[in-house]
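S.K.: Could you build all of it, start to finish, from the sequences and the hints given here?
2 protein chains.
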Amino acid sequence: MESRFDVRNDRDLTMLVDFYELTMGNSYLAEGVGDQIVYFDMYFRRVPDGGGYCIMSGVEQLIEYLENLRFTVDDINYLRSTKAFSEKFLDYLSTFEFSCDVWAIPEGYPVFPNEPLVTVRGPAIQAQLLETMILVTINHQTLIATKANRICRVAGHRPVMEFGSRRAQGYDGAIYGARAAVIGGCAATANTLAGMMFDIPVSGTMAHSWVQLFDSELEAFRAWANAYPDQCLVLIDTFNVLKSGLPNAIQVFKELRAKGHEPLGIRIDSGDITYLTRKVRKALDDAGFPKAVIVISNSLDEHIIKDVLAEGAQIDSFGVGERLITARSEPVFGGVYKLVAVEKDGEIVPRIKISENEEKITNPGFKKIYRIYDQDADKAIADLICDNDEVIDESKPLTLFDPVSTWKKKRLIRYKAELLRKQIFDHGKLCYQSPSVTEIRQFAQEQVQRQWAEVLRFENPHNYFVDLSRKVWNAKHNLLNSYSEEFSGK
Amino acid sequence: MESRFDVRNDRDLTMLVDFYELTMGNSYLAEGVGDQIVYFDMYFRRVPDGGGYCIMSGVEQLIEYLENLRFTVDDINYLRSTKAFSEKFLDYLSTFEFSCDVWAIPEGYPVFPNEPLVTVRGPAIQAQLLETMILVTINHQTLIATKANRICRVAGHRPVMEFGSRRAQGYDGAIYGARAAVIGGCAATANTLAGMMFDIPVSGTMAHSWVQLFDSELEAFRAWANAYPDQCLVLIDTFNVLKSGLPNAIQVFKELRAKGHEPLGIRIDSGDITYLTRKVRKALDDAGFPKAVIVISNSLDEHIIKDVLAEGAQIDSFGVGERLITARSEPVFGGVYKLVAVEKDGEIVPRIKISENEEKITNPGFKKIYRIYDQDADKAIADLICDNDEVIDESKPLTLFDPVSTWKKKRLIRYKAELLRKQIFDHGKLCYQSPSVTEIRQFAQEQVQRQWAEVLRFENPHNYFVDLSRKVWNAKHNLLNSYSEEFSGK
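Which chain is which? The protein sequence lines are A and B, in order.
First residue of the first sequence? That's 1 in full-length UniProt numbering, and the numbers climb one at a time after it.
First residue of the second sequence? That's 1 in full-length UniProt numbering, and the numbers climb one at a time after it.
Be aware that a few hints might be false.
Which copy? The list can't say, so a pair holds if one copy fits it or any two copies do.
What the hints assert, rightly or not - Dumping the calculated DSBU-like pairs for lysine-lysine here, alpha-carbon to alpha-carbon at most 35 angstroms:
#, residue 1, residue 2
1, Lys254, Lys88
2, Lys282, Lys254
3, Lys88, Lys291
4, Lys254, Lys360
5, Lys279, Lys360
6, Lys368, Lys279
No lab work stands behind these hints: they were computed from the structure.
M.R.: Written out as structure tokens, the structure reads:
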């Protein structure tokens, strides 16, 4: 999606790579396996905050990275200075041309643990090199989009504004965090640069400093009404909400109305939200301003919003800052990028990673994902991870089974099977057009509605089924058994 | 500090600004107060994780931002499109020249709640505009430097490597997070770009994918030993640490020694650290490799490191990822930027922000900070926030008092008083040279040693004294009393 303005998407992040991707690349080349075709899957293992699903986000930035992937002379000189690389490898990097195939789940889809969000097929050196950037890009934005979606869900029809730039973890935390927040459902951001880059609504009026600059709060509000007569929203907690801010606001609102303008409303940034907003709502109504809105913005998250709304707080809109932009309650999205297959003599050979931690065992092979919907309700039933060669014939019954308790089976008749992923690069060439952020936001809302209420439940949601086809399950268990036999004698 | 390579510090982040800074600027101009000289303080209210101090970080990036502060034609066109600004204001922005004075505590110093880390003096529009970037810059890096310092403290003499890029909150979270982690004490980072930009050590060897690419683990280790005979560190948990990874590593180490090379050691990324490392240490020792190091990297933080070392885990070095790079246990650093004074008719008039939340009340006035040391022990006793005009005469006794329980006093005789802050911009011109990251890291370690052990304590540390001079205390309480009287009748 091209912005109307300078979108600054030509940033070269090639060197944002874990050093071991490069030492491995160097060794792949030395061992003559640099061009061996391999398959990597990016997936995650659990939904943050005990939620039922995540919102896929970050594909557009992944594309920008891949489009700008190249090593400059400075990069090569730096790498040479570390004395860790052969000249042959540095030559390889300096003439590097990206040639991988990449598949990804489009942004906005609800996504679930253990399904490959991104798959890369290509020469070992290249596919390895992408690990760090694929992970940081998808991990970060999916984390924030998912958190935003939780917050917006409890806020219901009340718009949520993203206000967190100042507490973000770095500039991109603020910029791409704002993007992901809007994908997750936020109505606007306070981040002007994000507004400009992604063509999303920006919002904001005044800070406490505006009020403090003047000799009195009343003077400050008057000056604001003068500068923004038709967008007059004043912050009323600089000194005392009920004894100072509120009466001053009402006085200025009356003066504004006398001049033919209607005030927008007030914002409160501290104190007891339920108590203050009920008092403020009544006072504004009594003074003849029932349409003046109340905006709240004091370290909010989904839990506080849920509680104060249940208590009867009178709120029209929320400004949510640090707890959204950092996903404070669970600030790590644990996506991983694992080798799942190699091509040998033209055949795809599945590869597995076993671990003392069972959850770290991978699903081997080159795979695709079908999302299976109930044909009548148009609600998602399960995601089915198939071998890339498998094709589901919707005219025939489909039997799903639990990959752990394999005797648990479900036979489907009236269903639809939709492929979840799109190819975004074909032999290194971009073959996908990202929608705009506004379109993705809309798409996310539609797709969330295609989930059953049980999956959307806020606490202890239903565990959405991510199943393996019989072929994938067999491949995995054959590999596990062969290693188990190998180690059993030791 | 100039890197030997392209440091990419010319990024224009002017538009990374909360929209309300701009609407306020527009209104300051409309009200004719745009050029009024104001003072803003940036400070924080509490140390994350219940720690005793934070490590100041981010000044170099703040400087880069201020040096690149300018509005492009695209920026102005975008702002015009929002219909929120007068042409007069857009003209002002397009010819904007930064002219503020800025003071900051140099990077690496231990810093404490409620003392101004950064102070800006300048025209209202300009000083206001800087809020978002000052906060996101200092908040983020100080958060990570502080977390890294906690982790490195428990690791003691064992080097800690920063491995978290893939789980960082965006690209800058990874890049500047790595910088801050080294300032906090990390020995190296896995982030190649950070290594290049900040001239800090990078490290990393192999991932599980290296092992998976080959037909067997033994083959994979042999290939690695072949590519890096003198830096052979192998990851031994791809299939099974004790039954597969360890015996294969020892076999390859023996082959390597037979060829005249000594192995570096092994890394484990899963499983029970204490159990595995004790087994691995003994096996390596028994096999004749007592110098082979054991590196551990599995969702570590200061608590796990403390526990496994206490249990007798055999570890030489730590790779710390997601819990460091996101400061997972407390991922928000709550720095604020508050107006503290305005100049009227050549006089500095203190301004205050009162709040229903007492902790949100500001310290008014244009101030400076002395750090007071015990002359004999060279340990810090307290920080004293003074009016900018006050000068401490070390030849005379100094009386400190608690700003809340004012009867608690302490009279000092043999002390040193060192000014904590440096001016970094003088009327918009840079007047400060940032040290290198390596120098800052060294400085931080020295300055932490100038704190008493009680302040460094890991749990429930002593509350370091941040006191107000009598003059600052009086100014604050005069303002509080005047508002209290104004509201008491309402």
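S.K.: Taking 35 angstroms as the upper bound on the Cα-Cα distance, should Lys279 and Lys360 be classified as within, between, both, or neither?
M.R.: Classified as between: cross-chain Cα gap 22 angstroms, same-chain 53 angstroms, threshold 35 angstroms.
S.K.: Tell me, please, which holds for Lys88 and Lys291 at an alpha-carbon limit of 35 angstroms: within, between, both or neither?
M.R.: Between copies, since 32 angstroms is at most 35 angstroms while 70 angstroms is not.
S.K.: Please work out whether the CA atoms of Lys254 and Lys88 approach to 35 angstroms or closer within one copy, between two copies, in both situations, or in neither?
M.R.: Close across copies (28 angstroms), not inside one copy (77 angstroms); limit 35 angstroms.
S.K.: Are the CA atoms of Lys282 and Lys254 at most 35 angstroms apart within a copy, between copies, both, or neither?
M.R.: This pair counts as within: shortest intra-copy Cα distance 16 angstroms, inter-copy 82 angstroms.
S.K.: Is it within a copy, between copies, both, or neither that the alpha carbon of Lys254 lies no farther than 35 angstroms from that of Lys360?
M.R.: between (64 angstroms within a copy, 30 angstroms between copies)
S.K.: Have a look at Lys368 and Lys279 and pick one of within, between, both or neither, based on CA distance no larger than 35 angstroms.
M.R.: Cα proximity of Lys368 and Lys279: none, with 56 angstroms in one copy and 41 angstroms across.
Figure legend: structure checked against the earlier numbered hints; the only hint not met is number 6.
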